[in-house]
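Chemist: Given only the sequences and the hints, what does the whole structure look like? Please build it.
Those protein sequence lines, which keep their order, are chains W and Z. Plus 24 on top of the position in the first sequence (first one is 1) and you've got my numbering. Plus 24 on top of the position in the second sequence (first one is 1) and you've got my numbering.
It cannot be assumed that every hint is accurate.
[Stated by the list, open to error] In silico negatives: residues of chain Z with every beta carbon more than 10 Å from chain W:
#1 Glu35
#2 Gly37
#3 Lys48
#4 Thr50
#5 Trp56
#6 Gln151
#7 Arg160
#8 Glu162
#9 Asn239
#10 Arg258
#11 Arg281
#12 Gln294
#13 Leu324
[Said to hold, decoys possible] Examples of chain Z residues toward chain W, derived with CB under 10 Å:
#14 Met88
#15 His92
#16 Phe94
#17 Ile112
#18 Arg115
#19 Phe167
#20 Ser187
In short, the hints are calculated from the structure, not lab data. Remember, it's a predicted structure, so these values are computed and weren't measured experimentally. Quick reminder that beta carbons are idealized off the backbone N, C-alpha and C, glycines included.
There are 2 protein chains.
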Amino acid sequence: MEVDGLPWYGENGGELFRLPAKLKDTYRMPVWELAQSPSGGRIRFRTNSTTLAIRLEYPEPPGMSNMHAFGQTGVDLYADGVYRGTAIAGRDAKAGATKEHVYYKQQPAALREITLYLPLYMGVKVQRIGLDPEARIERAKPFSVAKPLVFYGTSITQGGCASRSGMSYQAILGRTLNVDFVNLGFSGNGLGEPELARAVASIDAASFVMDFAQNNPTVESLTQAYGPFLEAIRAQHADTPILVITPIYSAREAWSRDPRLDGMRELIRQVAARRITAGDRHIEILEGTDLLGPSRGDGLVDGTHPNDLGFEWMAEGLAGRLAKMLGINMTR
Amino acid sequence: MEVDGLPWYGENGGELFRLPAKLKDTYRMPVWELAQSPSGGRIRFRTNSTTLAIRLEYPEPPGMSNMHAFGQTGVDLYADGVYRGTAIAGRDAKAGATKEHVYYKQQPAALREITLYLPLYMGVKVQRIGLDPEARIERAKPFSVAKPLVFYGTSITQGGCASRSGMSYQAILGRTLNVDFVNLGFSGNGLGEPELARAVASIDAASFVMDFAQNNPTVESLTQAYGPFLEAIRAQHADTPILVITPIYSAREAWSRDPRLDGMRELIRQVAARRITAGDRHIEILEGTDLLGPSRGDGLVDGTHPNDLGFEWMAEGLAGRLAKMLGINMTR
Numbered sequence: 025m026e027v028d029g030l031p032w033y034g035e036n037g038g039e040l041f042r043l044p045a046k047l048k049d050t051y052r053m054p055v056w057e058l059a060q061s062p063s064g065g066r067i068r069f070r071t072n073s074t075t076l077a078i079r080l081e082y083p084e085p086p087g088m089s090n091m092h093a094f095g096q097t098g099v100d101l102y103a104d105g106v107y108r109g110t111a112i113a114g115r116d117a118k119a120g121a122t123k124e125h126v127y128y129k130q131q132p133a134a135l136r137e138i139t140l141y142l143p144l145y146m147g148v149k150v151q152r153i154g155l156d157p158e159a160r161i162e163r164a165k166p167f168s169v170a171k172p173l174v175f176y177g178t179s180i181t182q183g184g185c186a187s188r189s190g191m192s193y194q195a196i197l198g199r200t201l202n203v204d205f206v207n208l209g210f211s212g213n214g215l216g217e218p219e220l221a222r223a224v225a226s227i228d229a230a231s232f233v234m235d236f237a238q239n240n241p242t243v244e245s246l247t248q249a250y251g252p253f254l255e256a257i258r259a260q261h262a263d264t265p266i267l268v269i270t271p272i273y274s275a276r277e278a279w280s281r282d283p284r285l286d287g288m289r290e291l292i293r294q295v296a297a298r299r300i301t302a303g304d305r306h307i308e309i310l311e312g313t314d315l316l317g318p319s320r321g322d323g324l325v326d327g328t329h330p331n332d333l334g335f336e337w338m339a340e341g342l343a344g345r346l347a348k349m350l351g352i353n354m355t356r
Numbered sequence: 025m026e027v028d029g030l031p032w033y034g035e036n037g038g039e040l041f042r043l044p045a046k047l048k049d050t051y052r053m054p055v056w057e058l059a060q061s062p063s064g065g066r067i068r069f070r071t072n073s074t075t076l077a078i079r080l081e082y083p084e085p086p087g088m089s090n091m092h093a094f095g096q097t098g099v100d101l102y103a104d105g106v107y108r109g110t111a112i113a114g115r116d117a118k119a120g121a122t123k124e125h126v127y128y129k130q131q132p133a134a135l136r137e138i139t140l141y142l143p144l145y146m147g148v149k150v151q152r153i154g155l156d157p158e159a160r161i162e163r164a165k166p167f168s169v170a171k172p173l174v175f176y177g178t179s180i181t182q183g184g185c186a187s188r189s190g191m192s193y194q195a196i197l198g199r200t201l202n203v204d205f206v207n208l209g210f211s212g213n214g215l216g217e218p219e220l221a222r223a224v225a226s227i228d229a230a231s232f233v234m235d236f237a238q239n240n241p242t243v244e245s246l247t248q249a250y251g252p253f254l255e256a257i258r259a260q261h262a263d264t265p266i267l268v269i270t271p272i273y274s275a276r277e278a279w280s281r282d283p284r285l286d287g288m289r290e291l292i293r294q295v296a297a298r299r300i301t302a303g304d305r306h307i308e309i310l311e312g313t314d315l316l317g318p319s320r321g322d323g324l325v326d327g328t329h330p331n332d333l334g335f336e337w338m339a340e341g342l343a344g345r346l347a348k349m350l351g352i353n354m355t356r
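Modeler: Next comes the structure, spelled out in structure tokens:
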């Protein structure tokens, strides 16, 4: 079995954290707490088991107002690329208590590609995966690109408000392009701090996707962070494609232009354009409003976060661009 | 202001029930309880108010595992056809307590088309809608067809699991075609009982959409209900278009055919085909799997209910067919 999307999984001793535990004290407290949620983490393997079950330990019951139990805590099973079911935290979830879920049983003993998508917005311990005693376990099929796409950003990046873990925009994109990905979205906390730039830049990535802006209080604070964040990546990865995304549409923009969001969009364009002008051939700009713009308000819940329709639109828009940047043939 | 989608609103003394209170004792208890949730109900008007607020009383806090507070309890505002925001029940909601939400304020005093979509899965009392004291209030723009489309069915029909009340498939469809609708979906309880057939048949509808099957325990029980339900409608409405929908795809069908669902699909086809053969020129069959079939598993949450992506797909498929049946020009 392989664990994808969690670059520090081995170093962290098998804990499903999204950041390196040894640097815990260098991160702001909310960032480290959000790193407990293994959004983007996937367990992949092939098996001919006639049964698949899972034993999970969640620290607490679900409790968000804009994500239900499936969205906040669910572990989705996709088999052969198709959604099959979801394990979720119960109302009685607490540390020390376990929850078992049988995804399937008594199925024919055919080899299947298994992907388990880990929770978007709650920590979890995967205590056991249950298969037939005699089941074969083989490596999952390889990705079309060996290295992962690395996404840094906000709650939207983290997967809020998908209805389940297989419906974050990266998860949809990952299936569309057969690519691996790392989700470093931190709800309310995607500020672009130097310690996060170092974490992102330390990953051996196929591409970096910058999806942060909205969590910064002002255009000025984003200005302080954005250029240095890109420089930190470029210092380690001279030629790796970088895609910068400007903020997607927010429902309040149906009323009037939002100077803060517009300013952030302009800032991101400026920073990227300066790099392009200076000769960086591997950075591109994607307008967030091309992914989810004013004509696509139905793709938002709560005015700010995409719902599944919004994430589908984002994934569609990103798939074409990233396939081009990475040389992935989408006509296959 | 007009209240749409609740045919017994006047008769029920302004309560937002989906069935006539005077017949309460004729309905099974869970059906009557589900009728407290005003799914499909809309408050519509035009106003030039610079402010719009609402005061709501919810009986209890949100508490579903596959719908969050926005999906279960939200009252969505669309202005000029565009999503603006949502009022939701708080964790402290209880009978007698009120919740106020300001949708907008200090906007230009321009005339706007207001639609408030009432909650999908919880009862609510709308105690007050707040506008400027001097605001103009005018009738909402007329629908493209005067009478409503009437939907009868299950939890899926009721709106499970949309992320908010403006994202049930009927709500999306209503915006696409500019049509009025009545939602008589009853979660877990869309059995097709005679008393529900009478309620449905009593509505002066532009079209009847039959979206029930899955809640019946067996094909046999559906067989008992389905033909008589259609006859009850036809006895009152000789020429009104009826669209029967067979069950949409369920995630368990990714494993193997489901004899119960397949049997229900076949039964519905048979019942409708017999009517067509007998000369009924105003009944059509729509395969649920054309709306949400095996290639669209991403449109499901929890294996059974559509998420927003699934509802978007359902609405798209229904829009074309219903526009044709109702003579609505979609090229405008």
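Chemist: Look at each hint and say if it fits the structure.
Modeler: A quick look at each hint next to the structure:
no. : hint   : result
1   : Glu35  : 33 Å, holds
2   : Gly37  : 32 Å, holds
3   : Lys48  : 30 Å, holds
4   : Thr50  : 34 Å, holds
5   : Trp56  : 25 Å, holds
6   : Gln151 : 21 Å, holds
7   : Arg160 : 19 Å, holds
8   : Glu162 : 21 Å, holds
9   : Asn239 : 20 Å, holds
10  : Arg258 : 35 Å, holds
11  : Arg281 : 13 Å, holds
12  : Gln294 : 30 Å, holds
13  : Leu324 : 6 Å, violated
14  : Met88  : 7 Å, holds
15  : His92  : 4 Å, holds
16  : Phe94  : 5 Å, holds
17  : Ile112 : 7 Å, holds
18  : Arg115 : 8 Å, holds
19  : Phe167 : 19 Å, violated
20  : Ser187 : 4 Å, holds
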